[in-house]
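2 protein chains.
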Amino acid sequence: MPGFLRVRTLEDARRTLERYWRSRPNAVEVPLDEAGGRVLAEDVTSKVDVPPFDRSAVDGYAVRAADTFGADEKVPIELSCLGSIRAGDYPRLKVGEGQCIEIATGAPMPMGANAVLMVEHAVSQGNVVKIYRAVAPGENVSRQGSEVKRGMKVMLAGERLTPPAIGTLAAVGVKRVKVLKPPRVAVISSGAELAKPGSRLKAGQIYDVNGPAICEAVREHGCEPRYLGIVSDEASKVGVTIKRGLATCDVVIISGGSSAGRGDIVPMVVDGLGRPGLLVHGLAMRPGKPTFLAVVNGKPVFGLPGYPVSALMVFDQLVAPYLRQLAGAPHLRREAVRARLSMKILLARGRRELVPVKLTRKSSELLAEPLLEGSGAITALSMADGYVEVPLEREIVEEGEMVEVMLFGGRRTCLESSR
Amino acid sequence: MPGFLRVRTLEDARRTLERYWRSRPNAVEVPLDEAGGRVLAEDVTSKVDVPPFDRSAVDGYAVRAADTFGADEKVPIELSCLGSIRAGDYPRLKVGEGQCIEIATGAPMPMGANAVLMVEHAVSQGNVVKIYRAVAPGENVSRQGSEVKRGMKVMLAGERLTPPAIGTLAAVGVKRVKVLKPPRVAVISSGAELAKPGSRLKAGQIYDVNGPAICEAVREHGCEPRYLGIVSDEASKVGVTIKRGLATCDVVIISGGSSAGRGDIVPMVVDGLGRPGLLVHGLAMRPGKPTFLAVVNGKPVFGLPGYPVSALMVFDQLVAPYLRQLAGAPHLRREAVRARLSMKILLARGRRELVPVKLTRKSSELLAEPLLEGSGAITALSMADGYVEVPLEREIVEEGEMVEVMLFGGRRTCLESSR
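The listed protein sequences derive, respectively, from chains P and Y. Numbered according to the numbering used here, the first sequence terminates at residue 436, and the numbering increases by one at each position without gaps. Numbered according to the numbering used here, the second sequence terminates at residue 436, and the numbering increases by one at each position without gaps.
Hints are not guaranteed to be accurate.
Just so you know, same-sequence chains aren't split out, so a pair can sit in one copy or run between any two.
Unchecked claim - Here are the simulated DSS-like cross-link-like pairs (lysine-lysine), alpha carbons at most 25 Å apart as the crow flies:
#	residue 1	residue 2
1	LYS213	LYS379
2	LYS64	LYS192
3	LYS213	LYS260
Derived from the structure by calculation, the hints contain no laboratory data.
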C-alpha cells in the first residue's frame, strides 16, 4: 500500500493519477433541441445544399439580367410581369425575353431568370414594370449550395454547441446528434455524525454539508451528480457504497473519514476494492492534507477532506479539471486580479496554502480580506470572491502586500459594476 | 402607429422599451438539490446554531484545561481515561478532575471538559493517558453557534447559489428554498418557406434555423424557451400564435416577416394585440434593421430579422440583457482582445456595424479575419470568435488596422492554450 500518508504535491498527485487513468468521454445521441451547450462527439456532414435552391436575397423582380442592361433613372426599361412568387412557393412560370416575375426574399428563382432587381428600383403599373437600374447576372440571388454544399463537413467533433452551431445543424437538417455524455459522478459523505439535509438533528449530529455542496460543484462543471448519501465509518458500509458508486458511475467522490486519527478506514477500504488501489494519500497543500486518490478497476476514486471548505477547495484544484475533461467542457480559465492584502497571513512552511479572500473596493484600490475562520466555516467560503495562493517557500505574507487573487466564478463581486 | 420604420439607435430603442416595461423576476420554491446555479429570491435566516453543540476540532483527549497546566515534553501529567466519544455519539460521561475522555474530530464535548489535547501530544497506556503539553481553555473546541447563530441571516436575496452557498444552506438545515424562476420565453419563426428541423424539405422550403438557434440562446442566458413553431405570414395565424406566447410566457420573440417588402405583417399584427403596442421598428445597426420592439399588456415582444446571423446578433445586443435581468443572471461581461484586421471592411455610413470575425494567431500576433459571407450565413457565424464593432461615423476600416474584438463566450478559440 504505497499511498498511505506520504504527503505529495498536487502536481505529483496529478501525474500519479494520470499514469493509471486517462479520462475518456463517452458519446450519446440526443435530439437537436437537447444538444445545446454540449460538445459534439462526431463530425457532421451535410446531406443537403444550403440554400437547397437558387433563391432571391431581396424583395423585387426576377429578371433576365441582359434585359435590364442600359436601364437607368432617366431611361427605364419596361418588362411585362407574369405574376408573383412568394417564399415557400414552387414557381411554375418561366421568365422569357422582356418578362419578369415579382419575387419575395427567400422565394425560389423561376426558370429563365438569373438576377433580381430590388423593388426600390422598379415601378409597377398593372402588368408592366418599369426598371430604373440594370442588374448583373447573379445579382441578389443566393445560389444553391453557396453556403453549404451537400457532403461538406459543417462541424467537427469537439466543438461546443453554441446557438450559431445549433443554427448550423438545423440549417443542414440535422434532427439528432451525437454529443459527449455528461459523466456520472457518485458523491458519498462519510461520517457517523452526519444527518441528511433538512432532517431533524439528533443529539451529536450535524448536517451533511459536503454532499449537497459537492453535488452542485459536480453539476457546475458539466457532470451529473448521484448523491449516494451518508455512510458511517464502518468499513463494510463504506465498501458497499463505494462499490455501488463504481458500478453505476464514471467517477466516485467520497468526503470525510480520511484523516489519520480515526483510522484510515476509507482509504484502506478503497485500497481493497481493486487494482491498482490507493495511489496518493496526503497532499502538501492547505487545505487538503487528508486527501486521497485511488484508481479501482479503471475508475478514479477521489477522497476529499471532511471539512467543507477543505473539501471544496481540493475539489476545485484536483477534481474539477478531470471532470471538465470527461464532460468535454473547456479548460477553466480563472481570472485573476491584483489586490492589496488587508491583514497579515501566517503559514506553515513547506506546503502550498490557498487562503480564501473577500474583495472590497477602497477608493480606486482593491483590498483582499482573508477569511480565516478555519477550514470548517462554509459560510465564510460562500462569501469569498477568490483565493490567494501562497507558495511552499513563504511563511508570512505581510499586511499591505500586493497579492494575486484567483477569482471564483459565478459570484457577484465588487468588480462587476466597474468593468 | 408611431413605431413604423423610423430607424432608431440601439440605446434609443432600449430607453423606449424601458419606459413601458420593467423586468420583474418571479420566485419559485425548489428543493435544495435543484437550487444550484439559481438566484436566491429571499433572505435566509438560520433556525439552528452551527455547530449545534460544542465539538472537538481534532482527534485527541477532552480535558479540563487546568489539569494540563505545567505539562511538557519532559514533565508529562497523567490523567485517567474514562472512555471514548466518537463523532455522532451523545456523551453521557462527565470529565472530573484528573480525568479525560478520548474524543474524535466532530464529536460532542463531554460535560466537564473545556479543551481538547491533540492525540499527537499524548500517550495512552491502558486507562492512563500521559499528557505532554498544556492546553488553554477552549483550545481545539468549536463552540456551539461559533460559525452561525440561530436567527442570523446567512444569505441574502439576489445571491447566486454556488457550491459553497449550497453548502451554507445545507449547514443551516434548509430543505427547500425560494429562487428566481427562470422566465419562459416564447420563440416563434415566421415565414411560409420554413420547414421544421429535420423534416423532409418540399420544393421551395428551407429549414427553420432561427427557431432552434434562438431557443438555445434563450437557454444560454438562463431562461426556458418554448418553441411555438413556424407560422406563415398570414396575419390571422401570426396573431393567434403570438397571443398564445403572451398567454403562456413572460417574453415573446418572433423572427422573420418584419422586413419592409413583403408587408409589415408581423409588426402590424403585434401592434393590434394590445397597449401600448409597437414601440420601435427599425434599428440603426447592421445587422438588425428590420428589428421591432413592442409591449403588449405588460409583456415585451421582440421582432428579430429573418436572416439567422442578423437574428442572433440582434438577440445578443438587444434581447439577452433583458433575459438575464429577468433570470437574475449576472450582467454579461464580454471579454475583448486587440487584434490586427486581416482585410479591409467597407461599410454604410450612419449605422453601427457589427462584423463577426474569426481569430487566428500569426507568430505573436492575433489576426481578426472578417466573416463577410452575408447575414444569411449561419455557418460563418458558428465559426466566429467574436465581432468588431464599427461606430456610426466610420465608412472603412483598413487592412492591418488594430481593432477591438468582443469575444463570444463558449467557443474554444486560439486564445485558450496561450492564456
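For each hint, the structure was consulted:
1. LYS213 / LYS379: neither (42 Å within a copy, 56 Å between copies)
2. LYS64 / LYS192: Only inside one copy: LYS64 and LYS192 sit 12 Å apart there, 50 Å across copies, limit 25 Å.
3. LYS213 / LYS260: Intra 21 Å, inter 46 Å, cutoff 25 Å: intra-copy only.
Against the hints set out earlier in the document, a violation occurs for number 1 only.
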